[in-house]
Structure formats: C-alpha cells, structure tokens
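Let the sequences and hints guide you as you build the complete structure.
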Amino acid sequence: MHEVLTVGGYGLLTALATGLGAIPFAFVRNLSARTVAYANALAAGLMLGASLGLVAEGTAQGSWQTVSGALAGVVFMLMTQLWLRQHDVEFGHVHGVGARRMVLVLIVMTVHSFAEGVAVGVSFGGGMTLALVIVVAIAVHNVPEGLAISAVLRPRGSTVAACAGWSIVSSLPQPIMAVPAFLLVDAFRSLLPYGIGFAAGAMVFMVLVELLPEAYDQARRPAVAVLVSASLIGMVLFQQYL
Amino acid sequence: MDPTLVVLVYASIAAAMGGVGASPLLLKRPFPVAWIGWSNALAAGLMLGAAYALMVGGIERIPLSGAVGAAGGIGFVFWTHAVSGTSDLALNRLDETSPEYGYRVLLVSTLHSAAEGVAIGAAMAVSLPFGVFMALAIAIHNIPEGTVLSAILTARGVTVVDAAGLAVAANVSQVLLAIVSFALIAAAPDLLPWALGFAVGALVCLVLIELLPECYRQAGSTSIALVTIAAMGIVVLLLGGGT
Numbered sequence: 017m018h019e020v021l022t023v024g025g026y027g028l029l030t031a032l033a034t035g036l037g038a039i040p041f042a043f044v045r046n047l048s049a050r051t052v053a054y055a056n057a058l059a060a061g062l063m064l065g066a067s068l069g070l071v072a073e074g075t076a077q078g079s080w081q082t083v084s085g086a087l088a089g090v091v092f093m094l095m096t097q098l099w100l101r102q103h104d105v106e107f108g109h110v111h112g113v114g115a116r117r118m119v120l121v122l123i124v125m126t127v128h129s130f131a132e133g134v135a136v137g138v139s140f141g142g143g144m145t146l147a148l149v150i151v152v153a154i155a156v157h158n159v160p161e162g163l164a165i166s167a168v169l170r171p172r173g174s175t176v177a178a179c180a181g182w183s184i185v186s187s188l189p190q191p192i193m194a195v196p197a198f199l200l201v202d203a204f205r206s207l208l209p210y211g212i213g214f215a216a217g218a219m220v221f222m223v224l225v226e227l228l229p230e231a232y233d234q235a236r237r238p239a240v241a242v243l244v245s246a247s248l249i250g251m252v253l254f255q256q257y258l
Numbered sequence: 042m043d044p045t046l047v048v049l050v051y052a053s054i055a056a057a058m059g060g061v062g063a064s065p066l067l068l069k070r071p072f073p074v075a076w077i078g079w080s081n082a083l084a085a086g087l088m089l090g091a092a093y094a095l096m097v098g099g100i101e102r103i104p105l106s107g108a109v110g111a112a113g114g115i116g117f118v119f120w121t122h123a124v125s126g127t128s129d130l131a132l133n134r135l136d137e138t139s140p141e142y143g144y145r146v147l148l149v150s151t152l153h154s155a156a157e158g159v160a161i162g163a164a165m166a167v168s169l170p171f172g173v174f175m176a177l178a179i180a181i182h183n184i185p186e187g188t189v190l191s192a193i194l195t196a197r198g199v200t201v202v203d204a205a206g207l208a209v210a211a212n213v214s215q216v217l218l219a220i221v222s223f224a225l226i227a228a229a230p231d232l233l234p235w236a237l238g239f240a241v242g243a244l245v246c247l248v249l250i251e252l253l254p255e256c257y258r259q260a261g262s263t264s265i266a267l268v269t270i271a272a273m274g275i276v277v278l279l280l281g282g283g284t
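From first to last, the protein sequence lines are chains Z and V.
Adding 16 to a residue's 1-based position in the first sequence gives its number in this note's numbering.
Adding 41 to a residue's 1-based position in the second sequence gives its number in this note's numbering.
Treat the hints with care, as some may be off.
Partial pick of chain V residues on the chain Z-facing surface, computed with a CB cut under 7 Å [said to hold, decoys possible]: (1) Tyr93; (2) Val97; (3) Val109; (4) Ala111; (5) Phe117; (6) Leu147; (7) Ser262; (8) Thr263; (9) Ser264; (10) Ala271; (11) Gly274; (12) Val277; (13) Gly281.
Since the hints were derived computationally from the structure, they do not count as laboratory data.
Computed from a predicted structure; not experimentally measured.
The beta-carbon is built from N, C-alpha and C at its ideal position, and this holds for glycine as well.
Right, dumping it as structure tokens:
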C-alpha cells in the first residue's frame with residue numbers, strides 16, 4: 017500500500033510540473049494573428065519532437081505494435097475531429113474553429129498522458145531504486161508539454177492561470193495510470209508500445225491537420241519552418257538529456 | 042569494392058529515381074493539383090522518416106556537436122532560401138512561365154538534394170547497412186519529388202523525357218555531397234556527429250519550408266496528414282527497433 021501511494025504521489029508531482037509550462041506566457045501580452053501562428057509553430061515542433069521520442073521508445077519494444085497503435089491514434093483523432101465539427105463547441109468565451117483547436121489539443125495531450133502514465137508505472141515496476149531520478153525526469157519532461165498546451169490556449173484568450181490549470185489536468189492521467197501499471201507491470205508492459213504509438217499518431221495528426229496549416233496562413237514560411245525545426249530538435253535533445 | 046565507390050553507386054541510384062518520378066505524367070497531363078499535393082506529402086513523410094532514422098539510428102545519444110550541427114542545418118536551409126530569393130516564393134506554380142521562375146525552381150531542387158546527399162554520406166559513414174537504408178529512403182523520396190518537379194516543368198512546355206532528365210540533373214548535387222561528406226568523415230571521424238546533426242536539421246527544415254507549405258495549398262489538410270503519416274510509418278517499420 018505504501019508503495020502504491022508513493023507511485024501515485026510522485027505521479028501527481030509530475031502532473032503539477034506540467035503547469036510550469038504556462039509561465040512563459042505570462043509575459044506574452046500581444047495576441048495578434050502572428051503571435052498565434054508562432055505559438056502554433058512552437059507547439060507543433062514540441063509535439064513532433066515528443067512524438068519522435070515516443071516512437072523511438074515504442075519501436076525498441078516492438079515496431080508493429082507501435083505503428084498499429086499510431087494507426088489507432090490517427091483514427092481516434094479523425095473521429096474526434098468529425099464529432100467536434102458536427103457540434104458547436106465552446107471553450108471559455110471562444111467559439112468555432114479556435115475552440116475546436118483548443119479542445120483538440122487538450123484531448124491529444126490528455127490521451128498522451130495515459131501512455132506516459134503507463135510508462136512511469138512500468139519503469140517503477142523495475143524497482144524503487146531509481147524512483148526519484150525517474151520522477152524528476154518525467155516532471156522536467158512535462159514542462160514543455162505544458163508549454164505546448166499553453167501555446168495553443170493562451171493566444172486564443174485563456175488566462176495564464178487557466179493555461180496552467182488545463183496543463184495540469186491534461187497530465188492527471190499520469191498518476192491515475194501509473195498505479196495500475198505499477199501493480200500489473202507485466203500486463204501493462206506488453207501494452208506499452210501500443211499506447212506509445214497511439215499517443216504519437218494522435219499528436220502528429222493534430223500537428224499536421226490543425227497547427228501547421230494555420231501557422232502557414234498567418235506567418236511567413238521561413239519563420240514557421242525555423243521555429244518548428246528548432247523546437248522539434250530542442251525537444252528531442254531535452255528528452256535525451258533530462 | 043572501395044567504400045567510396047559503394048557510396049557513389051547507391052547515391053547515383055537514389056538520384057536516378059528522380060527520373061522515374063516523371064513517369065506518372067505520361068498517363069495524366071495536365072497533372073491534377075491534388076495529386077501534386079499528395080506527392081509532396083509522400084515526399085515530406087519519407088523525409089521526416091529519414092530524419093527520424095538519422096536521429097535514432099545514427100549514434101546512441103546525440104552529443105552537443107550534433108545539436109550544433111542541427112542548428113547549422115536549419116541555418117543552411119534558411120540562408121540558402123533567403124539569398125536565392127525563394128523564401129516567399131510559391132514553389133509549385135503551374136501558371137507561372139517566366140524563365141526566371143523555372144531557374145529558381147531548379148535551383149531550389151538542387152540545394153534540397155545537396156542536403157539529402159549529406160544525409161546519405163553521413164549514414165554510410167555510420168555503417169554500410171544503415172547507409173544503404175538511408176539511400177533507399179531518399180531514393181523512394183526522390184520519386185514523388187521528381188513527379189512534382191516534372192509536373193511544373195511539363196506545365197511550362199518541357200517534354201516528359203526532358204523533365205525526367207532535369208529531375209535527375211537536379212539530384213546530381215546529392216551524389217556529389219554524399220561522396221564529399223563520406224570522404225570527409227572517413228578522413229576525420231570526429232565530424233560524424235556534426236554531419237548527422239546537420240542532415241537532421243536540414244531535412245526537417247526542408248520539409249517545413251518547401252514541402253508542407255505547398256501541400257496545404259494543393260489538397261485538404263486531412264488527406265495531407267494521412268499521406269504524410271503513412272509515409273513516416275513505413276520508414277519507422279522498415280527501420281525497426283533496437284538499433
């Protein structure tokens with residue numbers, strides 16, 4: 017029981033770290049169309065980088081499982097998108113396309129946290145010795161994910177506090193999934209590549225369908241390209257070193 | 042066989058595939074715009090897959106020199122677009138027939154291929170099987186790329202055969218850079234992480250500055266995403282895990 021509480025508690029701490037990603041947006045006052053485009057490009061790069069990292073992790077345990085998981089992730093996103101188009105979604109005071117993007121990014125990042133939570137639980141299952149190292153790594157790794165969420169929410173009118181709050185909410189599946197994955201390591205370990213693939217597929221789809229087209233519409237092509245490439249590579253390095 | 046000769050052979054095969062890309066134009070002229078979009082998306086997905094392969098298959102852990110190399114690759118693409126005056130140029134216009142536009146499009150293709158040459162050369166320096174894998178990925182990527190270039194050229198009145206020749210010619214820089222970067226790394230192995238980083242940065246940036254912005258004007262974003270992801274998935278599957 018004690019160990020379960022530890023895993024859950026550590027998982028919660030990592031979720032709270034996601035909220036830190038909203039902080040840079042406390043300094044962004046100007047919310048012009050170009051700011052939205054640059055924020056989209058930033059989120060796109062971070063999410064693409066995170067996906068490539070996930071795919072590398074997943075294929076190490078099984079390529080077919082990872083790719084079929086990714087296929088399911090894409091299908092899930094297609095259906096979610098279809099559903100959101102048929103309903104008039106509202107997010108805060110935002111309606112229409114903007115609200116749809118906000119809801120979609122939250123769904124994508126929340127779904128992705130499920131897979132991450134399983135990864136946390138499974139890695140704890142290998143023994144509690146490296147626990148603190150893993151917790152710090154996951155917590156630090158969550159910060160740019162909060163940044164990606166805030167980059168989509170903030171320019172469309174959410175307050176910084178709301179950005180931080182939603183970022184934390186999107187990471188709550190981590191502690192929720194970490195506990196069962198820790199208790200049933202063997203069962204969850206075989207599911208992990210599917211979950212990782214699912215998260216990566218959903219994120220790449222979100223980037224290609226929603227974030228990039230809008231970025232290209234509102235800002236110059238070279239600026240978008242450099243921003244996305246730099247944040248993608250930054251995210252990959254960040255995940256390797258932390 | 043001499044390793045440099047191996048690089049020459051594989052890089053030449055990859056370059057020649059640009060000509061194969063012209064073949065769909067024998068069937069359908071004028072080429073539907075949406076098909077150009079999907080060809081671009083296919084090329085984009087294969088290129089992102091190649092960049093991913095370089096990231097995970099190249100070296101165990103990307104060192105700082107790799108990161109600096111990646112920044113250099115992004116900078117190279119940005120800078121060449123800026124000085125060639127193509128930063129804001131739509132690259133796939135079928136209605137623009139000025140000679141100047143034609144030269145610019147060929148110049149962009151040549152610079153694009155040069156970066157791919159570094160990818161092949163650096164991958165060959167990692168190991169022969171990895172280099173062959175990279176050359177194959179770039180070779181398949183060159184087919185839809187050749188299709189797009191040929192569609193633009195034939196819309197300007199160039200015959201399909203000549204367009205195929207030009208699509209291969211635009212890839213000659215790839216063969217050259219593959220051999221040069223392979224030889225340089227062979228002479229100074231410390232250059233490997235720099236070259237791998239450069240190739241990753243340049244490949245990712247090329248996808249974002251040339252291929253994807255054109256795609257979204259040519260076909261719906263959902264279909265573009267599906268084609269791109271499918272192409273990436275194929276590269277991921279072929280690469281496999283645990284490298």
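Going through the hints against the structure:
1. Tyr93: holds, 5 Å
2. Val97: Because about 4 Å separates Val97(V) from the closest Cβ in chain Z, which is inside the 7 Å limit, the hint holds.
3. Val109: violated, 11 Å
4. Ala111: With a minimum Cβ separation of about 5 Å from chain Z (threshold 7 Å), the hint on Ala111(V) holds.
5. Phe117: Violated, because the Cβ-Cβ distance from Phe117(V) to chain Z comes to roughly 11 Å (cut-off 7 Å).
6. Leu147: violated, 19 Å
7. Ser262: holds, 5 Å
8. Thr263: holds, 6 Å
9. Ser264: Status violated, d = 10 Å.
10. Ala271: violated, 9 Å
11. Gly274: holds, 5 Å
12. Val277: holds, 6 Å
13. Gly281: holds, 5 Å
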